Amino acid sequence: MLGRTVPPCSTPTAPNKARRPRTRAGAARPFPMASALQTVRRLLDGLYALAGAVAALSLLAILGIIVAQMVARWIGAVIPGATNYAGYCMASGSFFALAYALNHGAHIRVSLLLSRLGRFSRYGEIWCYAVAAVTATLFARYALKATYWSEFLGDVSQGQDATPIWLPQIAMSIGTVLLAIALWDHLIRLIFTDHPGVQVPEIGEARD
Amino acid sequence: MDQLTLTIVFLLVLLLLLGTGVWVGLALMGVAYIGMELFTSRPAGDAMITVIWTSSSSWTLTALPLFIWMGEILYRTRLSEDMFRGLSPWLAPLPGGLLHTNVVGCTIFAAVSGSSAATLTTVGKMSIPELRRRGYPEFMTIGTLAGAATLGLMIPPSLTLIVYGVTINESITQLFMAGVIPGLVLAAMFMLYIVAWYYLRPGARPPAEPGLTTAEKLWNSRYLIPVICLVLLVIGSMYLGWATATEAAAFGVLGALALAAAQGSLSRATFMASLLGATRTSAMIALILMGAAFLSLSMGFTGLPRSLANFIADLELSPFALIAALTIFYIIIGCFLDGISSVVLTMAVVEPMIRQAGIDVIWFGIFIVVVVEMAQITPPIGFNLFVMQGMTQHEIGYIARTALPMFLIMVLMVVVLTVFPELATWLPETLRNRPG
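Protein chains in written order, with the working numbering: chain Y, 209 to 416; chain U, 14 to 449.
Read the hints as simulated data drawn from the structure, not as lab findings. Keep in mind that the hints are not guaranteed to be accurate.
Unchecked claim - Straight-line C-alpha distance at most 20 Å; calculated SDA-like pairs for lysine to any residue:
no.: 1; chain 1: Y; residue 1: K353; chain 2: U; residue 2: P56
no.: 2; chain 1: Y; residue 1: K353; chain 2: U; residue 2: G58
no.: 3; chain 1: Y; residue 1: K353; chain 2: U; residue 2: E50
no.: 4; chain 1: Y; residue 1: K353; chain 2: U; residue 2: D59
no.: 5; chain 1: Y; residue 1: K353; chain 2: U; residue 2: L246
no.: 6; chain 1: Y; residue 1: K353; chain 2: U; residue 2: S54
no.: 7; chain 1: Y; residue 1: K353; chain 2: U; residue 2: M366
no.: 8; chain 1: Y; residue 1: K353; chain 2: U; residue 2: T67
no.: 9; chain 1: Y; residue 1: K353; chain 2: U; residue 2: T63
Quick caveat, the model's predicted, so the values are computed rather than measured.
If we strip away everything but chain Y, and leave its shape as in the complex, we get (with noise of 0.2 Å):
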């Protein structure tokens, strides 16, 4: 399950060391090019972390209105549509965490098999990646078309809240259009570099 045996990170071999990226799982491996391509991989980078902050935001809303409807219960008053708020903050807070859980070796796989490819390992990643970045793709533009939509058409929540459903879509169409890019982001240096791919934390997350 846990890509515990996958091996360690290869030691970057170029002189720009220092001016790597912090980032832990998505650091950059070291690409002998211009520095137009570290632009980049510091732009992405940025972002991931950037959503991710974002995601963790959208927790601390979810308490915020959560806390808030259980004071105004208490004096008596009712605040409209908290629970359909709430909603969307855990939709962004899912959403936009998508590429961030995935740089951390978060997201959760069967690796038995590859664990057991060795030095084929490499390969097994490729496949991998490569369907979920075509998975995440066909997520992301049905993700980007449905938000579209819901603007177009003016759809509008159902619950009291009666916000524009578009709105809080945006959330969606970001965080899976992150998730495809940060997914072929690593397939591409998994092919011509020797990117190894996510690597899993030590010691498992608190997670089940």
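Given chain Y, work out where chain U should sit, using these hints.
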């Protein structure tokens, strides 16, 4: 191609993607997409987004990140030390002595965290070195810890139960209440195992602990008592109907933050680490749930769940035989998949089956958690075995052997649960029938 061939192709693709290591959530999504293309003329992509958006923006799901966060906060406090220091004076006089701190510690931490890996590391960080120092046999230390840590899945808040409840649209609060008594019974069975070991292997007993006065005991557990109060607050508020599961989770997060602050272990860094950890873990589960939501839609079009339910109905199995078959089925699946994935993956097919057989779905939730718990300690990929290996450097095979007695106790638990279903159904029913 006829329906049957298509269904087989569908299942093979599912196995191929999961088996080769594609991330579970994306594998489910990809297979579901193929299924939609094979079995219906509906536009697959649009159906996918509708289902995924509805499932991932649901209010019920908000309990998940909050409970994860609560566990993450307490995981980063000094709870490990306090747990051992606070529990050991009370448990030392029992036959089997400090081994009981493993079970009781896991039970308490399970009640603040929904994860068995976190339970294992929190309790084990302190109890493994302490028990070793006092000369307890390694076999018992490792085994009881690996087994008892799985209680994290059953005692509320349980991530597996939230995921189960969201998947089949049942009340999370009801499921949580259903988990309380079986969780305690299972813990008691683990403790009986330790007592039995004490009497059967007198030669392996370590020297007795020095006795402490009640005041000293209370002083030692001064940090543990607030945690227990938090547990009672979270579970009690749900039981008394003051709060929904999500609101209880919010209480839990606030309480955990207050506890950490009072202890002096709440810094900016630990706050951020706990929040980001919760963000990652809930995104991980959310992706699986998205894939599963789409897969169960797609699976519906294959007709597989319905024909399987009919097939089972035609067999006229007794509920006992059905439960026995499902137990074996889940143990096998659990050898390859983690708990949450195996729940969401199978529910699309299993739900119609159990509803048809007249099995209570709340009870079934508890059943499925016990079986998934077993999977945590069975090789080749029991998750607790990996975490334990990281902590103790023992081989997986050895750890699995030490946990085997616990595995058998869980099998016994399935039997007990089947014979006395009231263990799981009584508490939720009293909750349901209470006026107001």
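Hints, one by one, checked against the model:
no.: 1; hint: K353(Y) to P56(U); verdict: holds, 13 Å
no.: 2; hint: K353(Y) to G58(U); verdict: holds, 9 Å
no.: 3; hint: K353(Y) to E50(U); verdict: holds, 18 Å
no.: 4; hint: K353(Y) to D59(U); verdict: holds, 8 Å
no.: 5; hint: K353(Y) to L246(U); verdict: violated, 45 Å
no.: 6; hint: K353(Y) to S54(U); verdict: holds, 19 Å
no.: 7; hint: K353(Y) to M366(U); verdict: violated, 36 Å
no.: 8; hint: K353(Y) to T67(U); verdict: holds, 16 Å
no.: 9; hint: K353(Y) to T63(U); verdict: holds, 11 Å
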